[in-house]
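S.K.: Chains as they are written, first to last, in the numbering used here: chain C, 1 to 250; chain V, 251 to 596; chain W, 597 to 917.
To be clear, the hints were calculated from the coordinates, so they are not data collected in a lab. Among the hints, erroneous ones may be present.
Stated by the list, open to error - With a cut-off of at most 30 Å between alpha-carbon atoms, the simulated DSBU-like pairs for lysine-lysine come out as follows:
no., chain 1, residue 1, chain 2, residue 2
1, W, K721, V, K509
2, W, K721, C, K126
3, W, K788, C, K121
4, W, K788, C, K134
5, W, K788, W, K721
6, W, K872, C, K126
7, W, K872, C, K121
8, W, K748, C, K122
9, V, K573, W, K872
10, C, K126, C, K31
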Amino acid sequence: MSESMDLLEIRNLSLSFGSVRALSDVSLHVKAGEITAIVGDNGAGKSTIVRCVAGVHRPDEGDIVFDGQVVNFVRPDQARVAGIETVHQNLALVEDLTVWQNLFLNREISHGVGPVRFLQKKEMRKRARDMVAKLAVNVPSVTSTVRRLSGGQRQAVAICRAAGFSSKLVIMDEPTAALGVQETRRVEELIERLRSEGHAVLLISHNFDQVMRLSDQVWVMRAGKCVAGRRARDTTAQEIVGLITGAIAA
Amino acid sequence: MTGAERRRSRWVGGMALACGLSLMLSACGGDSAAPSAGDGEAGGDAKIGVVIKGLDNPFFQHMEDGIEAAAEDSGVEYTIQAAASITDTSGQADKLSNLANQDYDCYVVNPISGTNLVQGIAQIAAKDKTIVNIDNPVEAEAAKAADATIATYIGTDNLAAGKMVADQLATLAPEGGDVATVGGVAGDVTSAQRIDGFKEGLSQDFTVVQEVAADWNRQEAQTQAETILRANPELAAFFVANDDMAMGVARAVAAADRKGETLVVSVDGIDGVASGDIDAAVAQYPFVVGKMGMQACEAAAAGHELPAKVDTPIELITPENAKEAQEAFPEPPSDYENPFADLLEG
Amino acid sequence: MTATESVGERVRVTLTRPTFWVEWASVVGLVLLVVLFTALDSTFLSAGNIRGMLLASAILTILVVGQAFVILTAGIDLSVASVMTFAAVMFGLAMTHGYGILLSCLVAFCAGAAVGLLNGVLVAKGRITDFIVTLGALSAASGTALILSDGKPITVISAPLFELSAGSVGVVPYTFMIALLIAVLAHVVLFKTKFGTHVLATGGSVEAAQATGIRTTRIKIAVYAISGSLAGIAAILLVARVGSAEPAANMTFLLNSVAAVVLGGVSLFGGKGSIKGPIFGALLLTALSNGLTLLGVSQFYQPLAVGVVVVGAAFLTRFDK
Ligand SMILES: Nc1ncnc2c1ncn2[C@@H]1O[C@H](COP(=O)(O)OP(=O)(O)O)[C@@H](O)[C@H]1O
Ligand SMILES: [Mg+2]
Chain C
1 MSESMDLLEI RNLSLSFGSV RALSDVSLHV KAGEITAIVG DNGAGKSTIV RCVAGVHRPD
61 EGDIVFDGQV VNFVRPDQAR VAGIETVHQN LALVEDLTVW QNLFLNREIS HGVGPVRFLQ
121 KKEMRKRARD MVAKLAVNVP SVTSTVRRLS GGQRQAVAIC RAAGFSSKLV IMDEPTAALG
181 VQETRRVEEL IERLRSEGHA VLLISHNFDQ VMRLSDQVWV MRAGKCVAGR RARDTTAQEI
241 VGLITGAIAA
Chain V
251 MTGAERRRSR WVGGMALACG LSLMLSACGG DSAAPSAGDG EAGGDAKIGV VIKGLDNPFF
311 QHMEDGIEAA AEDSGVEYTI QAAASITDTS GQADKLSNLA NQDYDCYVVN PISGTNLVQG
371 IAQIAAKDKT IVNIDNPVEA EAAKAADATI ATYIGTDNLA AGKMVADQLA TLAPEGGDVA
431 TVGGVAGDVT SAQRIDGFKE GLSQDFTVVQ EVAADWNRQE AQTQAETILR ANPELAAFFV
491 ANDDMAMGVA RAVAAADRKG ETLVVSVDGI DGVASGDIDA AVAQYPFVVG KMGMQACEAA
551 AAGHELPAKV DTPIELITPE NAKEAQEAFP EPPSDYENPF ADLLEG
Chain W
597 MTATESVGER VRVTLTRPTF WVEWASVVGL VLLVVLFTAL DSTFLSAGNI RGMLLASAIL
657 TILVVGQAFV ILTAGIDLSV ASVMTFAAVM FGLAMTHGYG ILLSCLVAFC AGAAVGLLNG
717 VLVAKGRITD FIVTLGALSA ASGTALILSD GKPITVISAP LFELSAGSVG VVPYTFMIAL
777 LIAVLAHVVL FKTKFGTHVL ATGGSVEAAQ ATGIRTTRIK IAVYAISGSL AGIAAILLVA
837 RVGSAEPAAN MTFLLNSVAA VVLGGVSLFG GKGSIKGPIF GALLLTALSN GLTLLGVSQF
897 YQPLAVGVVV VGAAFLTRFD K
């Protein structure tokens, strides 16, 4: 593969919440095996894009093409089945469940007949330990509840969940926004490891330095529109800032 | 006369509208009389407004039956309103106030508490209409505050009923022993009066070892009675404040294998005595209370002086007369005094 | 570190963890009550009284299981007592119309399930607050029961029903066995199945559950349907116990069902709790009422005692973070 294929292509996506036009005519694409970043001010529509791709919201207009096919996700689990994993900005962890329960949430290993599904707890705990070990994240124990974990540890669990299930695309919405220096570095390592293992990563971030260091492609959003796209090696942090604020016209 | 007729037709129209509305929710006939019935008969000129307690209890349902039966007999026009439940004091007050604004000649009221209807009563008193108080007495102080005179009070004496049960218990178990009482909701006046009457009438040979409240609820009474029987296995008798709870207590006694040894006596419970579950009961006749209330209004409309206070009959029910009492129900099996009927006939 | 040390250490850690006292409040409370009442009155722990308490707690236990499911999803079912009354009246009517015992039981179950389902649909799909929906159902079910029965108790005479309510194996009445069976099933469903995990997830965080594709609407409908169905089953036991279907709802059952769930350490915010805790909560409330009656404590003190115990337990949950 010299020039890798588009794994995800967003075509002319629009979505309004009542009178708020969160997305208008957004088009962008994500190549397989790359880290693609979306940057933009608060309220620019980044999380909304993520939630459309993840099957949480349904766009009013436009298409999402994933892996060569137009997809119409009605529920998040359909996106997961297709191979899109998302680490939401709010992490989407259930605090009173254990780490392993969260890792396998709505993907429980079970046996039984019809709708009666008995959990295979042992198997899930074992696999959870493997998943955590593989990503070398510092989670105390897969049997402790998420409530007892630190911010970084929670982020690690959420990333682990996204990376652990042979996903083609991992979306991360501001994964380091709430983290300290140490924890941020760990998460950045994780992101790079995901790329080296062949996952495409769509990274939402506020941190230009981070974006410039990690990503291959950068998309800039402003007020619900995607105003520019740049290869990371062809641009500078200053240009990105200019595009975000509108000081530089796209 | 034309004025009265106009008033009547307005009233009929109102009733028709109310019926139409209430038909959507429930049958209309139960809530009001057919106004056409027998105009011009005795008492037919009086229009009566009735406000009673909630119909969530058979006691008040019988009272309502008595009111309807009396109205059917005489063909008098009337409207009846019931509180939503036994605790709906303010809702009941609203209902009386509404009726007080309308044009009735006489009002029959059964207040939930001694004071909750005082505003409506004041309105009625100001228009100088007759007030007949049934079942639960309006407090004398409250009536005075409302500047109202209650024309007559018709009720059943709960104290006397309790006392009569105690007398019968002494006959059934002359050797005496321990007794327990099972009341309704803790703090309920009727329940307290029945139990007080019972305790007053109890001979020296008996000791009340326990008093419980079972919320007028059969299951609750059964559970409480079971517990009491374990604490006092030699219990001589239960006194129960109504028939429904008495059936639960009877079950507990049977389950503890104490039937015949631990007696169950109650206020009300003709059917229970007839079926052998209850050993003796004193029946009250809410049907008669309702009936007399209506007749009192008719008598007043006919210009008679009303007696200040009338006690409706109570009847001791034993296995011997239970069948007879069942057949006569809702009237008592034996003749009783009805001063209002006498007035209307005489 | 030797084995004994580690055990001792673990015990110490467990006992000083506040969540321990939340989870076990009902059990500890029950044990304390049993010790207290036994010291004051020796008949308290007699076989007969134990049997009596179990008998008296069976109906509440079944209602409590349903209430626990609903509260675990951060909802509340205020209609349990009225739905039970409604189902009891339906049962009574079916019996008097000669449906036979099995068919009548089915009628009661379906009546409860139907109201529960309706509650669930209104809460989950209609997006009306659980509090309002079940408050409405409370009133509507009570009213329907009164209309259908014309406000009069429906006597139900049936030999198998009597056997059900009177029979026992040792000190354990049949009805309590049914309640226990339901509780065990509920525990398995909650902690051993996919559905149970999704109930906990929905209660813990609706957004998180939805983000993983859990259909939280369905889960919510399901828990209300469970609560209604169990109220239907409880109705059968209620009729068996008193020999008639009573049209007036006993709201003590509603209050006690919520109280037992709170006593049992289930968080009112959902997502956290057990089945065994609420069951012990139900036993505790039954033992409390039984013990006070045995001791001859005045009727006026009983509601006060229940209030103190419930608020005391709620106080414990304050320390749970
Ligand atoms: N569920 C929602 N309902 C209504 N408005 C929303 C919702 N989600 C996002 N918005 C609005 O859409 C716009 C874009 O939000 P978002 O995508 O969260 O921005 P960000 O780029 O900071 O992630 C904002 O104006 C936000 O207020
Ligand atoms: Mg965002």
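S.K.: Next step is simple, just say for each hint if it's right about the structure.
M.R.: Hint check results:
no.: 1; hint: W:K721 to V:K509; result: 54 Å, violated
no.: 2; hint: W:K721 to C:K126; result: 38 Å, violated
no.: 3; hint: W:K788 to C:K121; result: 8 Å, holds
no.: 4; hint: W:K788 to C:K134; result: 27 Å, holds
no.: 5; hint: W:K788 to W:K721; result: 27 Å, holds
no.: 6; hint: W:K872 to C:K126; result: 27 Å, holds
no.: 7; hint: W:K872 to C:K121; result: 20 Å, holds
no.: 8; hint: W:K748 to C:K122; result: 56 Å, violated
no.: 9; hint: V:K573 to W:K872; result: 51 Å, violated
no.: 10; hint: C:K126 to C:K31; result: 33 Å, violated
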